[in-house]
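Line order of the protein sequences matches chains A and B. Okay, so the first sequence: first residue is 1 according to the working numbering, each after it adds one. Okay, so the second sequence: first residue is 1001 according to the working numbering, each after it adds one.
Worth flagging that the hints you see were computed from the coordinates, not collected in a lab. Be careful, since some hints might not be right.
Stated by the list, open to error - On the chain A side, residues computed to face chain B include the following (Cβ under 8 Å):
id, residue
1, G78
2, V79
3, P214
4, R247
5, I267
6, V268
7, K270
Stated by the list, open to error - Heads up, simulated BS3-like pairs for lysine-lysine below, C-alpha to C-alpha not over 30 Å straight-line:
id, chain 1, residue 1, chain 2, residue 2
8, B, K1151, B, K1222
9, A, K270, B, K1151
10, A, K70, B, K1074
11, B, K1074, A, K271
12, B, K1074, A, K100
13, B, K1222, A, K125
14, A, K222, B, K1074
15, A, K270, B, K1074
16, B, K1151, B, K1074
17, A, K270, A, K25
Just so you know, even glycine gets a beta-carbon here, dropped at the ideal spot from N, CA and C.
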Amino acid sequence: MFSSCADPKSLEGFSWLICYLTSGKHIDFYWSFLTVLILLVVTAPTALAFGFGGAVAARSHFLPLRWFGKIYTAMVRGVPDIVFFLFFVIALDQGIEWMKHQIVCPDWTEPVRQGLEFRVCPQAKVPLGTSPQIWHQLYGFALAVFTFAIVFGAFAANVLYGAMNAVPRAQLETAESYGMSHGQVFRRILVPQMWTYALPGLSNLWMILIKATPLLFLLGVKDIVYWARELGSAKTQAYAYPHPDWRLWYFLFLLVAYLCMTRVSEIVLKKLAARLNHGQATAAGEAMRRAAQ
Amino acid sequence: MTCWETVQAYAFRSLGYGEKMLPRSDFDLCQQFTLIGSGLIWNVYFGVIALAFGFFLATALALAKASHSRWLRKPAEWFIFVFRGSPLFIQFFIAYSALVMLPRGGIDILGIHLNTSWMTSAWAGAAFVLFLNTSAYAAEIFYGALMSVPKGDLEAADAYGLSGWSRFRRIQWPTMLRLAWPAYTNEAIFLFHATTLVFFSGFPAFQQRGDALYYANYFADKTFNPFVPYPIVAFYFILLTFALIGLFGLVNKRLNRHLPSNTRSRIRLRPQLIR
C-alpha cells in the first residue's frame, strides 16, 4: 500500500507493523467485516419476514397452514441451530441442483444418487462449473443468508406469535365492535400494537444473530474468522512478513470487535424500546409516565 | 453385521472402547444411530460438567454483581459482559490458541510440576470454556431473580434477626432459585445445544472419539447425504431436551412446593438464551 513497504524484510519495529497491517491480505480481512455486516443487514429483514409469515400461519384458521406454522416455530426449540445450519446448506444445494436437473436434462437416464454420490448432469450444476469464481462465492453466500433466514425466522416467529397473543384482547374487540373486518383488525390494530411486546424478544434475537455470524465460517464463506485463522497462523521466512503463531491476538481482536457490536446494539435497542414504550399501557410505559411527572 | 453386533462394537466408540475402525462403506441406519448416540455421551458430559460447576460460579457472580462494593461488582459485571457479549465460537478459538501456547513440558511453580498437555484436549479445555460461558449467562439470570426477591421477605428476615449468611441461605437463595428456575431451565437446554459447537472449536477429536455432530458430519461427508445423519442428531437432541425439561421440572416442583397451585411458575420453553 505504501511505497516504503516494497521491501518488508528491511523494515523494523513500528514501520514494519504499519506495513504488515496494510498488506493486501489484511485489506481483504478488513473488507470481510463488510461481509458480516451485509449478512446482518440482509438476514435481519428476511428473517423478520419469515417470522411474520410463520406467526401468521400459526394463528391461521386453516388447519394445514396452522400445523405448518406450529411446526416451523417448534423446530428450533428442541434441536441445536448448528444442526440446521449444516443440514440446510447441503440440503438446499442438492435440492436446487436436483430441480434444475429435472428441468434442464429430462432425458438423463442415470440415477442422481449413485450409491454414495450425488451426481446431476453437468448443465444442471449451480453455478456452472465453467462460471467464474465470484459466482461460486456469491452462491455460497446466498445459501448461507437463506439458511440464516430460515433458522432465525423460526426464532422470530416464536417471538412474534407471543407478541400477537400479548396484545390486549379488549383492543381487538373494540375494533370488531366498530365493524372492522378480520383483515382490518389485523392490519390496523394488531400489527401496530404488537411491536412493543415483540421488541424485547426481537432485541434478544438481534444479539443472538450478531453472535451467530461467526458460523458463516462453517458454511464455507470467507468471513472474519476465516481471515483471522489464515493471517494469524505462523508464517515462515518464505512469506513477506514472517511471524510466529499470532492467532490468539487475532481472535482477541475479533472478540473486542464483537463486544463493540453488541454494546452499540444494546444502547440503540434501549433507545428504541423507550420510544416504543412511550404511552403504552404496559409496565414499562407506566414507569416512563411516572418518571416524567 | 447384525444391528446388535453393531451396537456392541460402536456403542462406546466415542470413549475409545470397542471397534477401532469406523465403518467405511455399506453404511446402514443402525450404524448411524449407534455412533451418533455414542457421540452424544460427550455432549451430555460437556453439558453436565459445565452446568454442575457453573451453578456455583453463577451464584457467586450474581451475588458479586448485586454487591455494594465496587471491587466485587465491577469484575463480575465485566465477566458477564465479555462472556455474554461475544460469540461462544470465538471464545472457543481464543481458549484453544491460548492453551496451546502453554509450554509443552509443563510449568514449574514453587517446585510443583504442573502438567499442561491435558488442557488442550477437548474434555478439559472445551468443558472449561462452556463452564465459564454458562456461568455468565446463568449469573445474569440469577442476578435478575435476586433483584426480584420481594422486599417484604427481606424485611421479614430483618425482623427475625437473620442477617448475612443465614439470611442468604434461608431467605434470598431459595426465592432466587424459585424465580430464576424457568429461565435457568432454558439456559440449561441451550447449553446442551451449544455443546455441539465443540466439534468446530479447534479442540481436536483424539482418535476419532468425537461428539454427536462429529459422527453425523462423518456420515454426511462419506455418503453425501445430509438427510439421514442430521435428522438423527436432531432426534437425539429432542429426546435430550425432553429429558432436561422433565428433570428440571421436578426441581421446579420442589422449589414451588410451598405455594398454592395457581401461583406456581411453570416452565415454558422460550428460545431466549442461545449463544
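Those earlier numbered hints the structure runs against, lowest number first: 5, 6, 7, 8, 10, 12, 14, 17
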